[in-house]
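Residue numbers (my numbering), protein chains in the order written: chain W, 1 to 282; chain Y, 1 to 191.
Everything labelled a hint here was simulated from the structure, so no lab data went into it. In this text, a Cβ means the ideal position worked out from N, Cα and C, and glycines have one as well. Each hint should be verified, as a subset may be incorrect.
Taking lysine-lysine pairs in the DSSO-like style, the calculated list, with each CA pair at most 27 Å apart, reads [unchecked claim]: (1) W:Lys62 / Y:Lys120; (2) Y:Lys54 / Y:Lys39; (3) Y:Lys81 / W:Lys51; (4) W:Lys51 / Y:Lys115; (5) Y:Lys25 / W:Lys51.
On the chain Y side, residues computed to face chain W include the following (Cβ under 8 Å) [unchecked claim]: (6) Asp17; (7) Lys24; (8) Pro145; (9) Leu168; (10) Leu171.
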Amino acid sequence: MNCKNVSEILIEYISGELSPEQLELATRHIGSCQYCQQELSVIRDIESSLKCAFEEKTATFKIPENTLDNIKQQIALEEQEVNKQDIFEKVREMPAMLSQKISSLNLALPNRKFIFAGALVISILVILVLGIPVLLENNDGLTAYAVALKDPQLQSVLVSNSFVAPDESSVKVINYQDAGGKPQAFVAFHPHSSFLIVADVDMSTKSLNKLNTLDLDDQTSQEVIATAGNDARIQALLEQGAIISNLYPTYVFNETEIVTPEGEVCKEASIDFIVGLVLLFS
Amino acid sequence: MQELINRWQTGDEAAFDELFHQYKKLVFKNAFIISGNAKEAEDILQEVFVKVWKSKHTFNGERGNFINWLYRITVNHCISKYRKKKPPVLSLDQIGEDSVSLGNQQPVEINLDYKWEYEKLNKLVGQMDEKYRLVLILRYFNDLPNNTIAEILDIPLGTVKSRLHNALAILRKQWEKPPGGLDLKQEKQGS
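Chain W extracted, bound-state conformation (with noise of 0.2 Å):
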């Protein structure tokens, strides 16, 4: 072995990762150069330089005690906004099917159409969306959802289901204009978890238009699920063992703008109610 060769192999010479042969080789090489035996030295003093040198560098450091916390944030928004995606994804690709179970709004408004249609939205994981995005949202929102809360209809419907009115940061408001520019606006929230109540509220009269409500009660549930076993996607994951964790309400705004057969554009705005279907694997 020469200078050459023991040069090309300092490094694992230092840190004993040479084979017995080469260790013999390369030291009785050293033992008798003294070239090699100050290389030795010199790569062995860069090298403890370097650890010192690192050492040195994350001696003082603190890691935020929030970290974890920060992480698990990070990690539910992630998830929350796959949920929304494949959410809005699904509402595109599947039908109507439970429009009976929810009355419908007056679509013989002049240059204003509303539908409602429901849509049956089947999302496959733990934790499913809790908020749709807010499209539309401004100060009025909460004169909205308390003009809501004083219709005789809205209170009824509170009090026979022995309801309590949510806290107004719970509540979603979307506002919008009709064709006449009057300020509309949709008040939505879930007095219970399986309970959805959409409020159409005219904010120039300060009046209910209409009130809309989805309740998941056992029948409708069953056939949620029944039309949901429909689904090819869903049977073949009911087969892999995955069982129905949950149902949710929820739903969707749409708005899109249109011509009219005058000319005139104006906005067409909608609502679909979603039912949220939580499927688990054991």
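On the provided structure of chain W, position chain Y as indicated by the hints.
Just chain Y now, with coordinates in the frame of chain W:
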């Protein structure tokens, strides 16, 4: 350890918490050395463990142990973030082919008794090409053998050895410059 891994893979949040507390320092310190920035290291620590949670179903213990897998996620994440921000300054091209061999250089006396020398050394490492920097960090900060480094970086063992060899050659070349002789601005302009 295996039981902890199994629990984490089945979605046990407590097991995930335990893994975080066991390995947060490892991830943070490496991220700090690679990125050179404490705030960025905090971000990387968070992002790496979000990935750990999301990738729990893809980890396969038969293909490598958890720590090496964690090293790999950390290093790859640092690389992807670091590449966007900081191009390397020191490379083999800049020191010349004749400097590659450790044996071609004259032995020098190196004395690093002072803190500022460590800072200088860290600065030099921080300016090196990523492929050299990573092997130095994995080798001399984490005390990992070459075959483990090869597994983490997914490169052949021979490549690890040659990168290590070249990385030390680069460092040595820069160190031989007299005090104050390393003109970092000039190096940057030349890159």
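### Message
Restraint: Leu171 of chain Y near chain W, CB-CB cut 8 Å. Satisfied or not?
### Response
Because about 6 Å separates Leu171 of chain Y from the closest Cβ in chain W, which is inside the 8 Å limit, the hint holds.
### Task
Starting from Lys54 of chain Y, check that the Cα of Lys39 of chain Y is at most 27 Å away, please.
holds, 23 Å
### Query
If you take the shortest Cβ to Cβ gap from Lys24 of chain Y to chain W, is it below 8 Å?
Holds - the Cβ of Lys24 of chain Y comes within 8 Å of chain W, reaching about 6 Å at its closest.
### Query
Does the alpha-carbon distance linking Lys25 of chain Y and Lys51 of chain W stay inside the 27 Å limit?
Roughly 17 Å between the alpha carbons, so the hint for Lys25 of chain Y and Lys51 of chain W holds.
### Query
Do the alpha carbons of Lys51 of chain W and Lys115 of chain Y lie within 27 Å of each other, as the hint requires?
Given pair Lys51 of chain W, Lys115 of chain Y holds - Cα atoms ~13 Å apart, limit 27 Å.
### Agreement of Lys81 of chain Y and Lys51 of chain W with the hint, judged by alpha carbon distance not exceeding 27 Å
Between Lys81 of chain Y and Lys51 of chain W the Cα gap is close to 24 Å, so the pair holds against 27 Å.
### Task
Take a quick look at whether Lys62 of chain W and Lys120 of chain Y sit within 27 Å of each other, Cα to Cα.
holds, 23 Å
### Query
Close enough to count: is the Cβ of Leu168 of chain Y nearer than 8 Å to one in chain W?
holds, 6 Å
### Message
Given Pro145 of chain Y as an interface hint, is its Cβ closer than 8 Å to any Cβ of chain W?
### Response
Constraint on Pro145 of chain Y satisfied, holds at 6 Å.
### Task
Let me know if the C-beta of Asp17 of chain Y comes in closer than 8 Å to any C-beta of chain W, holds or violated.
Where the cut-off is 8 Å and the nearest Cβ of chain W is about 6 Å from Asp17 of chain Y, the hint holds.
The structure agrees with every numbered hint stated previously.
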